[in-house]
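Chains as they are written, first to last, in our numbering: chain A, 1 to 249; chain B, 250 to 442.
Hints should not be assumed to be uniformly reliable.
Computed list of lysine to any residue pairs in SDA-like fashion (alpha-carbon distance at most 20 Å, straight line) [to be verified]:
{"#": "1", "chain 1": "A", "residue 1": "Lys41", "chain 2": "B", "residue 2": "Arg430"}
{"#": "2", "chain 1": "A", "residue 1": "Lys114", "chain 2": "B", "residue 2": "Leu273"}
{"#": "3", "chain 1": "A", "residue 1": "Lys41", "chain 2": "B", "residue 2": "Ile417"}
{"#": "4", "chain 1": "A", "residue 1": "Lys204", "chain 2": "A", "residue 2": "Gly94"}
{"#": "5", "chain 1": "A", "residue 1": "Lys41", "chain 2": "B", "residue 2": "Arg327"}
{"#": "6", "chain 1": "A", "residue 1": "Lys41", "chain 2": "B", "residue 2": "Arg412"}
{"#": "7", "chain 1": "A", "residue 1": "Lys114", "chain 2": "A", "residue 2": "Asp93"}
{"#": "8", "chain 1": "A", "residue 1": "Lys41", "chain 2": "B", "residue 2": "Glu434"}
Calculated from the structure, these hints are not laboratory results.
Just so we're clear, the structure is a prediction, and the values are computed from it rather than from any experiment.
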Amino acid sequence: MTESVRTPSGLLLPRYERPLGVHPELLSPEYRSTVLRAPSKPLVLLPHNLTEITGPLLGSDRISETDNDLTRQHDGEPVGQRIIVHGRVLDSDGRPVPDTLLEIWQANASGRYKHVVDDWPGPLDPNFTGVGRTVTDSLGRYRFTTVRPGAYPWKNHHNAWRPAHIHFSLFGRAFTQRLVTQMYFPDDPLHQYDPMLITVRDEKARNRLISRFDMETTEPEWALAYEFDIVLRGSDATPMEDPHDDDDE
Amino acid sequence: MTTTSERLGLTPSQTVGPYLSIGLTWEDGPYVVPEDTPGSILVTGRVYDGQGQLVTDGLVETWQADPDGRFAHADDPRGAVESQLPGFRGFGRCNTDADGSFRIVTVKPGPLPTPDGDTEAPHLNVSVFARGLLDRVVTRLYFPDEAEANAADPVLNAVDPDRRATLIAEATPDGYHLEIRLQGENETVFFDV
Ligand SMILES: [Fe+2]
Chain A
1 MTESVRTPSG
11 LLLPRYERPL
21 GVHPELLSPE
31 YRSTVLRAPS
41 KPLVLLPHNL
51 TEITGPLLGS
61 DRISETDNDL
71 TRQHDGEPVG
81 QRIIVHGRVL
91 DSDGRPVPDT
101 LLEIWQANAS
111 GRYKHVVDDW
121 PGPLDPNFTG
131 VGRTVTDSLG
141 RYRFTTVRPG
151 AYPWKNHHNA
161 WRPAHIHFSL
171 FGRAFTQRLV
181 TQMYFPDDPL
191 HQYDPMLITV
201 RDEKARNRLI
211 SRFDMETTEP
221 EWALAYEFDI
231 VLRGSDATPM
241 EDPHDDDDE
Chain B
250 MTTTSERLGL
260 TPSQTVGPYL
270 SIGLTWEDGP
280 YVVPEDTPGS
290 ILVTGRVYDG
300 QGQLVTDGLV
310 ETWQADPDGR
320 FAHADDPRGA
330 VESQLPGFRG
340 FGRCNTDADG
350 SFRIVTVKPG
360 PLPTPDGDTE
370 APHLNVSVFA
380 RGLLDRVVTR
390 LYFPDEAEAN
400 AADPVLNAVD
410 PDRRATLIAE
420 ATPDGYHLEI
430 RLQGENETVF
440 FDV
């Protein structure tokens, strides 16, 4: 199966999987802001050439010591349920994605963001900024300590509430793998009413945005824990590896 | 070891929402190269919605080769090559501000070979994130002073000729400017990556 692929230029590039039916349609009118912002013309297929199969490899030089512990970034501790959020970053072939930057942001325990535009009457917490960064280890693992964010109201429709969530941003190792998403919590009654979560139409895919309560990782008399694995697009060929290995099915 | 052909399901995208700036703002974001790099250019742009309103709560990211057309990245089969330019990062990030504009300090990238034996004209890959975008949208910035290279670029040539101009920046006194129209008249060409 390892065919020697000849290209006119002799350049052999990995080809990344093209997601089908996973990501939301850009125009999803129940999320009102999409109506004037989603492109109306069909997207043009971009081949996976050099600019696409490479990407910024941003690592530990961007991280300081308390960046992965959102409860230790101020003089005092933030109010709320202390939690550990951890998991692995993998590609769809199951390979870990090591040394990749993860950025998160979230509301505080009362559902308020430390942002000028957020002015609903949930109290700010002087001990919580809600921003975290870390880099995956050699096995693609990451870990944050934070407080569980509260739900918050928004103006999408009458009495709209966002379920509790944490925003995640990831680079992977290629431009094609860039992903921004949101992690949700299990057993949240607001999921079914959330115009953003339900824009992921496929139920299995939607469930991949919901973290798992992880009793094993909880810390006695300290913190609850949730596990959230993130899967980025895989590629069919990594030209560097695979001498001829015959594992005929 | 047999590798199962069963793939893991991908994690779906969700919007950055209106509060992205708390999580994604980098003080050095706009600097693809250090500010005092000789020959650096300023790439500016503005983002508009379908009614021509400025998008003031978005984020623009750029990714590009260095001036020699190289990447410090092991997946480039020509080899990972550290740029000759000290401090070259290849990556830029800038929030859109109150007038919908962003700015990136960079250098013009070199042309790139493709597997098909073509040559891509110098370009930046540009991602736009914003409230109301459930996934990033991706476009490219090409340079107006590269007419010959642009005419041979396979990606530009795959775009409807009437819409190609949306991918070509305008020259300014200190660099280039690109208007990004998410929707409607003169809608920017966006790519399926
Ligand atoms: Fe949010």
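Hints, verified against the model:
1. About 12 Å separates the Cα atoms of lysine 41/A and arginine 430/B, which keeps this hinted pair within 20 Å; it holds.
2. Pair hint lysine 114/A plus leucine 273/B holds up; C-alpha atoms about 13 Å apart against a cutoff of 20 Å.
3. Annotation: proposed proximity of lysine 41/A to isoleucine 417/B holds, straight-line Cα distance about 18 Å (limit 20 Å).
4. Restraint check: the Cα-Cα separation between lysine 204/A and glycine 94/A comes to about 17 Å, which is no more than 20 Å; the hinted pair holds.
5. Note on lysine 41/A and arginine 327/B: the hinted pairing is violated, with a Cα-Cα distance of about 36 Å set against a maximum of 20 Å.
6. This hinted pair checks out: lysine 41/A and arginine 412/B have alpha carbons roughly 11 Å apart, not beyond 20 Å.
7. Under the criterion of a C-alpha separation no larger than 20 Å, the hint pairing lysine 114/A with aspartate 93/A is inconsistent with the structure, at around 38 Å.
8. For the proposed pair lysine 41/A and glutamate 434/B, the alpha carbon gap of about 11 Å is at most 20 Å, so the pair holds.
Of the numbered hints listed earlier, those contradicted by the structure are 5 and 7.
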